[in-house]
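Colleague: The lines below spell out each chain.
2 protein chains.
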Amino acid sequence: MLYLFKELFDKEELRGGRFGIEREALRVKEDGKLATTDHPYVFGNKLLHPYITTDFSESQPELITPAFQTTREAYSFLNALYDIVALEIGDEYLWPQSMPCDIPDEQYIPIAKYSDSKECKIAREYREKLFKKYGGKKQLISGIHYNFSFDEALFEKLYRHQKPSISYKLFKDDLYLKVARNYLRYRWLLIYLTGAAPIIHTSYTRECTKKLVPIQEDSFSNKGAVSYRNGECGYKNHTDLFPDYTSVESYIASIEDFVKENMIQSHKELYTQIRPKAKDNKNLLSSLKNEGIQYIEIRSIDINPFEKSGMSMEDLEFTHVFMLYLLLKEETDYLDWQREALFNQKLISKNGLESIMLKKDGKSKDRSEWMLDILAQMNNMSQVLGLEWEALIDTFVEKALDVTKTCAYKITKKVEKEGYLVAHIQLAKAYKQEAYANRYKLEGYEDFELSTQILMKEAIKIGISIEVLDRSDNFIALSKGDKTEYVKQATKTSKDSYITMLMMENKTVTKKILDKNNVCVPKGIEVNATQNLGFVACKYANKPLVVKPKSTNFGIGISIFPEGASEEDIIYALEIAFKHDDTILIEEFAEGKEYRFLVIGDEVAGILHRVPANVKGDGHHTIRELVAIKNQDFLRGKGYKTPLEKIELDTSSELFLKQKGIGFDDIPKVSEVVYLRENSNISTGGDSIDYTESIPDKFKKIAVQAAKAVEAKFCGVDMMLEDYQSEASNYSIIEINFNPAIHIHSFPYQGKERNIARSVLQVLELI
Amino acid sequence: MLYLFKELFDKEELRGGRFGIEREALRVKEDGKLATTDHPYVFGNKLLHPYITTDFSESQPELITPAFQTTREAYSFLNALYDIVALEIGDEYLWPQSMPCDIPDEQYIPIAKYSDSKECKIAREYREKLFKKYGGKKQLISGIHYNFSFDEALFEKLYRHQKPSISYKLFKDDLYLKVARNYLRYRWLLIYLTGAAPIIHTSYTRECTKKLVPIQEDSFSNKGAVSYRNGECGYKNHTDLFPDYTSVESYIASIEDFVKENMIQSHKELYTQIRPKAKDNKNLLSSLKNEGIQYIEIRSIDINPFEKSGMSMEDLEFTHVFMLYLLLKEETDYLDWQREALFNQKLISKNGLESIMLKKDGKSKDRSEWMLDILAQMNNMSQVLGLEWEALIDTFVEKALDVTKTCAYKITKKVEKEGYLVAHIQLAKAYKQEAYANRYKLEGYEDFELSTQILMKEAIKIGISIEVLDRSDNFIALSKGDKTEYVKQATKTSKDSYITMLMMENKTVTKKILDKNNVCVPKGIEVNATQNLGFVACKYANKPLVVKPKSTNFGIGISIFPEGASEEDIIYALEIAFKHDDTILIEEFAEGKEYRFLVIGDEVAGILHRVPANVKGDGHHTIRELVAIKNQDFLRGKGYKTPLEKIELDTSSELFLKQKGIGFDDIPKVSEVVYLRENSNISTGGDSIDYTESIPDKFKKIAVQAAKAVEAKFCGVDMMLEDYQSEASNYSIIEINFNPAIHIHSFPYQGKERNIARSVLQVLELI
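Chains as they are written, first to last, in the working numbering: chain A, 10 to 776; chain B, 10 to 776.
Hints may contain errors.
The list treats identical chains as one, so a pair stands whether inside a single copy or across any two.
Stated by the list, open to error - Derived DSS-like pairs: lysine-lysine, alpha-carbon spacing no greater than 25 Å straight-line:
no.	residue 1	residue 2
1	K414	K141
2	K489	K521
3	K166	K552
4	K138	K220
5	K707	K38
6	K492	K710
7	K552	K20
8	K710	K38
9	K525	K178
10	K130	K141
11	K166	K122
12	K15	K414
13	K678	K414
14	K141	K374
15	K368	K219
16	K548	K15
17	K42	K368
18	K187	K602
19	K291	K423
20	K147	K707
21	K438	K146
Derived from the structure by calculation, the hints contain no laboratory data.
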C-alpha cells in the first residue's frame, strides 16, 4: 500500500486533512481548590455556543475548535479560546492537568447548569445519571479530544484507482475502521508519548490513591506512572466493552446490544479510546449508517501541563503522522487483539516509564524495542512518500529512548519539587498572564488588522461563528443561527449603504451635506489642477488654513497651517495634495484640538485624542532611557501589530529636540513632558488618550447628528474643539471617516479600555 | 457710482449672479396647426413638476430652468429641457416663435387640464377667467421670462460700505426697484435687440391683422415691425396700468388698488414688462413685504426662432450686462417716465426697424443715436470695471447700426421667402432632429459619465429635481417631495450596502458566496506573489483557463486562454495580473460566449453581448470605407462621450487583419463580416448587441439569484452561456460587477433602446 500511495499521491494530498481539538479544563481558585462558581454568563447558552461550553461539571469549561485544514490553525484557535476564557473567569484559573485539582466531596461538585428548555433538561438529566453511576470526582478528569479526517480527495482518488465493487461510502468506512482498529492496537504508543497525568491529588477518590505512594504532601503516584486518566482509575466504563469494529453495521449492532443490556445509557457513554464520528452526531448511529464515517475522534491524549492550550504543536503533528501510519499499516490476524490492546494501554498508563514487556499478537515484546520499530516504520513511510516528517519523528524517537524526555516524567519531577497544587497553579498563572498580554489580539489571526482581530475575538467569546472569506482582505462572515453578516475590516458592513461610504469619502459632498444639516464645518474652496495655483495661493496666504485632497483618508496628503503660510508653502502643500487627488480643498483652520468621535449605531462608542510621541521625566532617567521604559508596554509594538507603536529615536526626533536645544541623553525634570516629534500619529509612537467621559454630551450628540446626516452607522467623526470641557466651546467637524479603526478605542494608552467590538456586533444585530 | 464699484468689487463679484429662464412653446402638428392633444402623460403632475409644466393652454408646454450661477448653465439646461420635451410629443413639434402658429377658433383652444385637487381647480378656474376676458388666441402668445438676481455678496458688501440708515432688506429693495424703473425706461432697447415676432398668422385675431399688410399667403406684417408680442396686439392688460415703483410698499399698494377696482383679478394678471419677485411667489405680495425683493423677472424677450431653446447665449449675456448697467445708471427726474416708456415700447415694437424718433424726458430723440449712446455707456462701464464684456457689446452695436442684423429682420426675410408656417416648421423639425441626435446625453452635463447623464435626463423628464454635489465625481442628489436620494455614477446608491459592493469587488468572496447559493462559477485557485509561479504554471499549462486579478474591474489585467497556454504564457499573464492586485485567480475557462445581465432591483433590465469592432461587406466598399460609413452613426464618438466608440484603423487592427491575409483596402463580399480586432471592448469600437428578449428566462432568474446572493440591487452579472438559445445550455457566472454602466443597455448598437434609467429611479423609490 505504501508504494501504491507513493505512486498515486503528492505530499500535499497526503499531508492534507481536517483537524479539530476539544479541550476540557477545570476552573480553580488560586489555592488549587475547584471553583464552584457559575460558568461565565458572557458565554451565553452552553448548548448553542460553537466554541465554548461546559463538559460534565459547571466548573469544567470545554473549548472546541472548528475543523481546520492545518494543525497549526487548530492549535492557534485553541490558544485563542484559552485566552478568551482565561480573561472571563475573574480571579480563577484553568487547571492545566488532566487529573483533577483539589476537589470537594462528591455532593459539592456542581453539575453543569442549564436553562429550562427541553434540550437543556435532557443534558442535565444525562449528567445526573452519570454522577450517580460513576461518581462526580471521576467526571472531573479532563482531556484532549483530537478530531481528524483525511483529505477527502485522497480517498476519492484511491477509490477511482482501486475501483472496488463496494460503494464509495463503504470503501471510506472500511478505511476509517482500519485506522480505528490499528489505533486501538497501537494507542499505548501515543499514551507513552503524550501521557501527562502521572499524579493524583489527595482529594481524589480514596479507592485510587490508597494503592499509591505519596510523592509530595498533597499527592500520590507510583513508579513509572504515565497517565492515571488512561489507567484503571481513569474515566472508563465499569466493565470493559469491546464493540465490533469490522463494519459500521457491526459497530452499531454492538452499541445497541450494550444499551439493551443496560451496560450504558447510550452511545455517548461508551468510553472507548477512539470513536467513529458522523455528519450528524446528535443522531450518531443513524447518521453513521446513512452517511458513513466522516471523521474519527482520538480520546487518549492527556492535557499537557507545559502548554497553555493543553496540547503542543509537536504532539498535534505527531498524531497526524500516526493517523497516516495507521491507515497504511497492515493488520495482523490475531483474534484477541482488543483485550491485548487494553492490557497494553493499562500497563503503559500505570508503568510506562519503567522497562516493561507488552503483549504483541499473544507474545511478549519489549516496550522500547517495539516503540522504536514503529517509529522506524513511520520514518520510512515519511521518506518513501516524501512527507518531510523525519525530523519531527526523531524528536519522538528521543522520548522512546529516554523516559526523562517525556511529559509524564517532567511533570512528576516538578510536582516532587513544588507540590501538586503549587506546581500546576504556577503554570496556570503564567498562562493567564499570557492571555492578558494577548488581550488585544487573536492568536492565529495576527495577520489580520487589529480591529478585525478584536471583533472576531469578541464574536468567538459570545458564541458567534466566524468564517474567513478572504484573509488578506480581512473579509469575514459572522453567523448566529440562520443569520449571517459579512464584514470587511471590522466596520465595513451591510449596515452602511454604498452611497453613505461615498458621501464620507468625498469631503466636498460631506461638507455640503453637513452644512445642509446645520452641522458646523470649516469654510473652504475647491482647487483643481487647471486653476492658477499662484492666484489661489495669493488669496489664501498668511491665513490659518488646511490643505487636503478631496478624497483620501488617514490624513494622507494633508498640510495644516495653524499660523498661516506663505504663498510658496501653500503651492507646495497643494502640489503634495495633488499627488493624491485631482481636487484639493483649502479650508479655514479650525481652532482647538482634534478629537476622534467613534460613532457606532446611534451612539458615540468612544472619543480619543492623540498626542505626539512623548516621555514624562522622573528627574533620574535620560530621554533615551525613558523611551526604553515606555516601550516595554505590551500594547506597544512594531508594524501595526499592536494598538500602539514603539517610540523610535530617529533623526527626525533628534532634529525636533535639537530645535529646542535638548538631546536624547538629557534628563527631563520630574513630571516634565518632552515631546519627540510634531505629528500625533499613533504610527510614530503617539499616545491615544480616551476622553469619552470628559467631553460634554452636546458634542456627542453633534457627532451622532453628523453621522446621521450621511446615514452612517459606523464612522469616525473628527471634531475640532476649542475647549473640550465647555459646552460653550466652538466646534467644527473637519471630516467624517468611514471604516474607523476600533482598536485605538478598545486599547488606548491612557483611559478605559472599551469593548467596542460588542457595540459593532450589536449594530450588526448579532447580539 | 461707477467708480465706487470699481473701487469695491472685482470682476468675479460683478459678473456673478443667479440666472433662470422660463420658455413657453406651442405644440404644433407638421402642417403648423396647433396640436390639441394632451400634454404628455410622462411629465406627470403639472403643478409639481419643477422643470416642465404648461402655461395657459394644454397645448403650451412651459420649460423652466432652476437658477444657475452662470448664464451658460441656464442656457444648456434650457436646451436640455427642449430635447426632453421634443422627444416626448410624438410627431408634434415645438413652435419656435412667440406669435402663435395656425390656431383654431377660440372655442377649440384647449385650456390646460388639471386633476381634481383643490390647487388644480384654482389653476383651471384662473385660466377660464383669462380666456373669457382676453380671448384664447392672445393667451397663446409665448415668450421668454428671464429671472435674475445679483450676487448677494455684492449687495452685502455695498451695504457694509455705504452704511445707510435703512435696513439691508430695504436697501436691497431700493436697488432692485431702481433696476426695475430703469428697465422700464430702457426696455425699448432690449425689444429692438431681441425682438423676433414681427409677423402674424392669418388665423390670429382679425382685429390685429386687419390693419396689417400680407407678407405671404399665410401671414401679415407692417414695415419695420419688431415684436407684435410687445406691441398693441400683444399680451397686455386692457387698460395701461402704471404701478408705483418708488418702494415695495407703494408697489404693493398700487396692485391692491388695481385689484380693488376690478381691473385685474390678482397680481398675476398685471402684465408688466418687469416683475419684482419674492421668496414665496405663491404669496407674492406678503412675501415681498416681509422678505423683500429676491430677484427680478424680465418679460420682454421674444422667442428667438433661430435658437432651439428660444434664447441665444449672446442675448442671455447681453441681458446680464444690461442689468448691471441699469443698476449703475443714474435716473432722471422726469415725472411722466412710465407713460413715455410705454410709448417708446409700443413704437419700437411696431416700427423699430424704421428710422424713428423716440421720446426722452419729454423730448424727441433719434432711436439710433440714443441706442448707440447707451451701448457706449455700457462699453465704458465694462472697460472701467474690467468686465471684459466689450466684444459682446460690440456685436449689439452692429445690430444698432444695421437693422438687417436683427432677429426681427431675419425672420421677416425668411417668412417672405418660405411662408410663415413652412419657415417655422422647418426650423422646428431641425431642432427636433437635434434633440434625437442628443438623446443619449444631457446638454450642459456632457462632462458627466453617460450613465449619469441618462439618469439625470430621465429624472428631469419625470419631474425629479436634480442637484449636482460633485461634478468630477458624478455625485448627484435626486429629490422628489421630501425624499432625497444621493447617487454617484448612476448606480452607486443607498440601495446597495457597503459590504455588498465589497463582496462583488472581491472575486474570491463573490465565488464563495455564489457557490454557497448553488450558482455555478468556474473552479479555480488563488495565487499569491509569494508562491512559486513556475510550479503553479506547470500545474495549469495547456488547460483552457482565465488569469485575473482578485479585485479589479472592467476586465483590467485579465488574460483568457480558451485553448490553454504554455507555462511561459501563464507566468507572463500572472505577471500582468500582479500589476493590479496582490492576489490572482486562475480559473477554468468557461465555454461559450459572455453575456452581461444588467440586474436592477429584482429584475434583469437588459442583456448585452459585445462583439469586436467589425464591418459587414457590401461587395463594393473597402474595409476602410465601410469603417468610415459605420463611424457616421451619431452614437459613435471618441473618448467615451457617446454610447459607442468610433472604429479606429490602427496598427493593432492592421496586424490583426494581416494575420488573415487581408488589408484595409480589400473589399469584403456581400454580407461578409470582417472583424478588426480580437477584443470586444466597446472602447475599441466593439458593437453592443441587445439579447434581452432572446435569452431564456431561466438564465435571467439565475442572474437575479446571483445578485440576491450578494444582496445587490444594481449589478452587472457576467455569464458564460454555451448556447444562449437553449434552456439546457451550460452556464457559469464569471463575475458580478458593481456600478454597472447603464448607457450600453440604453443605447445598444443593435436591438431595442431601453429606458434603464427609469428602472433605476424605480428602485430608488423616486417613481
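Colleague: Would you mind marking each hint as holding or not holding in the structure?
Modeller: Hint by hint, here is what the structure shows:
1. K414 x K141: Answer is neither: 39 Å inside a copy and 115 Å across each miss the 25 Å cutoff.
2. K489 x K521: Cα proximity of K489 and K521: across copies only (19 Å, versus 39 Å in one copy).
3. K166 x K552: between (75 Å within a copy, 20 Å between copies)
4. K138 x K220: neither (28 Å within a copy, 119 Å between copies)
5. K707 x K38: neither (46 Å within a copy, 64 Å between copies)
6. K492 x K710: between (31 Å within a copy, 24 Å between copies)
7. K552 x K20: For K552 and K20, the Cα distance is within 25 Å only across copies (23 Å; inside one copy 68 Å).
8. K710 x K38: neither (45 Å within a copy, 61 Å between copies)
9. K525 x K178: between (67 Å within a copy, 24 Å between copies)
10. K130 x K141: within (17 Å within a copy, 89 Å between copies)
11. K166 x K122: Neither. Shortest intra-copy (47 Å) and inter-copy (78 Å) distances fail the 25 Å Cα cut-off.
12. K15 x K414: neither (33 Å within a copy, 98 Å between copies)
13. K678 x K414: neither (54 Å within a copy, 88 Å between copies)
14. K141 x K374: Close neither inside one copy (40 Å) nor across copies (125 Å); limit 25 Å.
15. K368 x K219: neither (28 Å within a copy, 134 Å between copies)
16. K548 x K15: Answer is between; shortest inter-copy Cα gap is 19 Å, intra-copy 79 Å.
17. K42 x K368: neither (40 Å within a copy, 116 Å between copies)
18. K187 x K602: Cα proximity of K187 and K602: none, with 71 Å in one copy and 49 Å across.
19. K291 x K423: The answer is neither: 41 Å in one copy and 94 Å across copies each exceed 25 Å.
20. K147 x K707: Neither way: K147 and K707 sit 60 Å apart in one copy and 62 Å across, limit 25 Å.
21. K438 x K146: within (24 Å within a copy, 100 Å between copies)
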